[in-house]
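Here is how the chains run, residue by residue.
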Amino acid sequence: MRLQHWFYAIPLRLKSLFLRPRVERDLDDEVEFHIEMQVRELIAAGMPEQEARFQARVQFGAQALIKDECRDQRRLQLFETLIQDIRYAVRGLRRAPAFALTVALTIGLGLGVNTAVFTIFNAYVLRPVEVPDPYSLYEAFWSNRTGVRSFTASEFEGLRRERKLSMFTDVYSSRSLQIRLNSHPSFGELVSGNYFHLLGVRPALGRMLTPEDSWAPGRQPVAVLSYSAWQSMFGGDPAIVGKKVLAGGYPLEVVGVAREGFIGLLEVRQDFWAPITLLPQLDPDRAESLDAGMYGRAGAIIRMFGRLKSGVSVTQAEAALFTAAPLFTSDRAAADRPIGAVLRSRATNVPVSSQAVENLLPIFAAFGLVLLIACANVTNMMLARTMARQREIGIRLSLGAARARLIRQLLTESIVLALPSVLVGYLISDGILELGMRAMWATIPGEFAEFIRIAPLTLDWRVFAFMMAAAVTTAFLFGLAPAIQATRTSVVQTARGDFGNEFRPSRFRNALVVAQIAGCASLLICAAVMLQGANRVSLMDTGLRTRGVIDLEIREQSRSRVLAALASEPLVEKVGASSQVPLDGGFPAAQVSRTGDPSVIYANFDQASPEFFEVFGIGVDRGRNFTQEEARTGAPVAVVSKTLARRMWGAGDPIGQSIKLQRDKNSHIPGEIPFQEMTVVGVVNDINTGMSDSDGQRTFVFFPGSSATKGMMLAIQVKGDVEAARVRIDDLLTKTDPGAVNYIHKMDQFKAARVYPLRVAWWVSSAVGGLALLLTVAGIYGVLSYLVTQRAKEIGIRMALGASRGEVVGLVLRQSLKMVFIGLGIAVVLGAGVSQLLGSQFLLMRGLSVTPYIGTIALVFVAAMAATLVPSRRAVRIDPMTTLRCE
Amino acid sequence: MSRPSDLVQGTLDLLLLKILALEPLHGFAIVQRLKQVSGEVLQVSDGSLYPALHKLEQEGWIMAEWKTSELGRRAKYYSLTRLGRQQLAKETASWERLSGAINVVVNLKEA
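Chains as they are written, first to last, in numbering that gives the first Met the number 0: chain A, 0 to 886; chain B, 0 to 110.
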């Protein structure tokens, strides 16, 4: 019904809007026709023509009024006055180009940084992946008490076989692996054959994988390359289809190249896709568990993606999936059984979740604050401007203009004023992103660049809508208060010709500046806290000597060949081994107790070879290192860290004591403890690979293993230039045994990667804080200049009465100091709150000193005084005679 | 022609819709027709006719078309839309309810 109404109404409204002359002519014609008909009727009734014409018009009534009533029916007055207002605003602003430009730049700056952030947010969280119908794509999980887990391959097959996946139109399984493609480090995704069909991704070359490719296990060694891998690894070879590539040393025939831009749905960009049935060949170390399907063994896990049928809700699908759980998981230990099924949307690069938004909130808040500070500046400028327009507004009010109408007009003006800042903001945002990307590529620890999934940062309608919405909101923020203030003038006063002297919104203006100072100082305090945190982490002694050490992770079947090759390589000084890579992730945890003592402490545990301690320069404090014999056989002995020894035995001698170890059930990091009870043979110096300086991080138990032990990563001490050695070892091993190397990194890079996010946080927060400071300085300057102009008469009189220059400067300075002190006071309280919050979130931010506060306060204070300088000099230069004569 | 004090408030829309339901007419003819069918009882002033017509048009109940009139001049003819027909039915029903009720009250026997 309503819809039908608009079906008729919209064309009519549009017509009266855009074809106004025609609509007006129609109205005239219609009325004229009516009168003409009346005339004819009167003549027919015997009236002389002259009189008939007169009578007809009299009968019709007040034409202008009736026509106006007809026009009112179009219900476009609102719109028409809006257009009037816009015209008026544009005319007014054309007369004040400097003002308009300043506003555009100020708001544009604030808008620009926010747009940059939004563009990134949009690219990762809001913009859907570029496949057909992205919003039907979901990844399914079981949920259990500790969180969610993916499916095992056998569960997946079972669900499919038993037709328990009817809520999806189609599903595919996926396993991602990091593998060498020929000699290039790459990410590959092993998928069911329907993958490309399901996602609707077309080939750029050749063909995509088909279900036939994944039927017979391992029979069809084929692969599809990503467009970017084809370009970067194979030089865009047009004859690539049909060629063989080595994935981890295993030959695959390239059957096609995916269309440009498609990099899969996973967290990192994928370089190639192969049938999941090739898992035993491509990931042999974990392949045996593919069919075993036992939870807890990493190799069994696959990820399941599907397209949800339309009309099926997520909750329905989750419930339906969960009903199938007992079929496949009843043999599990109670703790491992699912307590539900979870579907997560894969429509965007980063699944939208309240968690994601919560994490990003502080960032949005910080950037939003910059825009608010810019807004405050413009508000002050607007206040000054409306002061100057007091006369005009007063006259209009006394001539009967409605206040609401005037406020509306002033707000329209604000919006017109804010719109050019969208353009400025876009240019600034573009520049920031360009610069930011360059800075990131220039500074990121090199070997980690490949892990980054770059989403294209482009302007789309969401970004544009954001900018428009932000600009209009901004216009209201900076326009509303001045509009309300300005129209408050009493008509009686204006009628007397008394304009504006009663109107002194100086309190409001001062409050704005105080808020600006508080805002920018809080941002700067946060930046300083980040800097201190980053410095603390980079200065923290890990207890590990990483210089000249290379981390090497290899395929299990190549272990003996790799060890032999390394033994004969002159650049290799020493090869250590450990079950975990220090500084890359954490260590598994265990509960440690003394035999016969029920009290436990939590400790990290690790299996390490005797050379491990030597390679990383971890000195033996007491007792001895493992022997080669213990390493080879895996004897029930342990080496503990100094901190653990102190916490367990105090001053007593740990050597020869026996300890019990039990795996901590809450620890997510996999690792097995070979013996429940072991004898301590040595104490080594502390290492700390965590992010906080606490005893818990330094508590370690090591038990023996060797570089020949299955699953151990190798830590190689090399001679000479470490990068050269890395490349050489990589080449050597690839030549000896293609596919042997899973990855090879310099340990120093891990160290850098640890601090990098903190450094970025510092850079960003200080840039934001700096920008806020700049805007605030401009704000202080503006308000004080205005103050000096406004009080010129008073200052002139004071000077005429003999006030010294110092006293005049003091007048301005007092005003400035008052604002600065209040603002800084608020900032310290706010900053303390924020760093308290940071401290509760991140251990390393805890218990920081007062240095960031003092530094920030000093900086803001100096900047504020600098902003005071020019206005106070102007105050001093006031010539009493001139000012007084002006009055 | 006087202001239609004799025209019950709010019934003009109903009358116009009904007249136009019979055949498309221009404004002048609507006035004539109304006078004619009501035996000169119902008179609508030109001052309220055109705003009312324009309102009905904007509501989508009637639509206008320029056609050559019987006298060879271009005139704006209004005709009922599908939406207007529904509206007419609605207004007729409510008018009948109202007038019926008024009749009942007016015809009450005085004691």
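Please note that a few of the clues may not be correct.
Below, in silico cross-link-like pairs of lysine to any residue (SDA-like), each with a Cα-Cα straight-line distance of 20 Å or less [stated by the list, open to error]:
| hint | chain 1 | residue 1 | chain 2 | residue 2 |
| --- | --- | --- | --- | --- |
| 1 | B | 34 | A | 203 |
| 2 | B | 17 | B | 35 |
| 3 | A | 242 | A | 267 |
| 4 | A | 14 | B | 17 |
| 5 | A | 14 | B | 35 |
| 6 | B | 54 | A | 632 |
| 7 | B | 66 | A | 22 |
| 8 | B | 66 | A | 28 |
| 9 | B | 66 | A | 21 |
| 10 | B | 54 | A | 242 |
| 11 | B | 54 | A | 203 |
The set of hints was computed from the structure by calculation and includes no laboratory data.
Status of each hint after checking the structure:
A C-alpha spacing of about 77 Å is found between residue 34 (chain B) and residue 203 (chain A), which places the hinted pair above 20 Å, so the restraint is violated. Straight-line distance between C-alpha atoms of residue 17 (chain B) and residue 35 (chain B) comes to about 14 Å, which keeps the hinted pair within the 20 Å bound. Distance restraint check for residue 242 (chain A) and residue 267 (chain A): the Cα-Cα separation of roughly 26 Å exceeds the 20 Å cut-off, and the hinted pair is therefore not satisfied. Proximity of residue 14 (chain A) to residue 17 (chain B) is assessed by CA-CA distance (about 27 Å); at most 20 Å being required, the pair is judged violated.
Of the supplied pair hints, the one linking residue 14 (chain A) and residue 35 (chain B) is violated, its CA atoms being roughly 35 Å apart against a limit of 20 Å. For the given pair, residue 54 (chain B) sits about 97 Å from residue 632 (chain A) by alpha-carbon distance, which is inconsistent with the 20 Å threshold. At roughly 16 Å between alpha-carbon atoms, residue 66 (chain B) and residue 22 (chain A) fall within 20 Å of each other, so this suggested pair holds. Taken as a hint, the residue 66 (chain B) and residue 28 (chain A) pair is honoured in the structure, with Cα atoms around 12 Å apart against an allowance of 20 Å.
Taking the CA atoms of residue 66 (chain B) and residue 21 (chain A), the gap is near 16 Å; set against the 20 Å cutoff, the hint holds. The straight-line distance between the Cα atoms of residue 54 (chain B) and residue 242 (chain A) is roughly 75 Å, outside the 20 Å bound, and the hint therefore fails. Annotation: proposed proximity of residue 54 (chain B) to residue 203 (chain A) is violated, straight-line Cα distance about 59 Å (limit 20 Å).
In this structure, the earlier hints numbered 1, 3, 4, 5, 6, 10 and 11 are contradicted, and the remaining ones agree with it.
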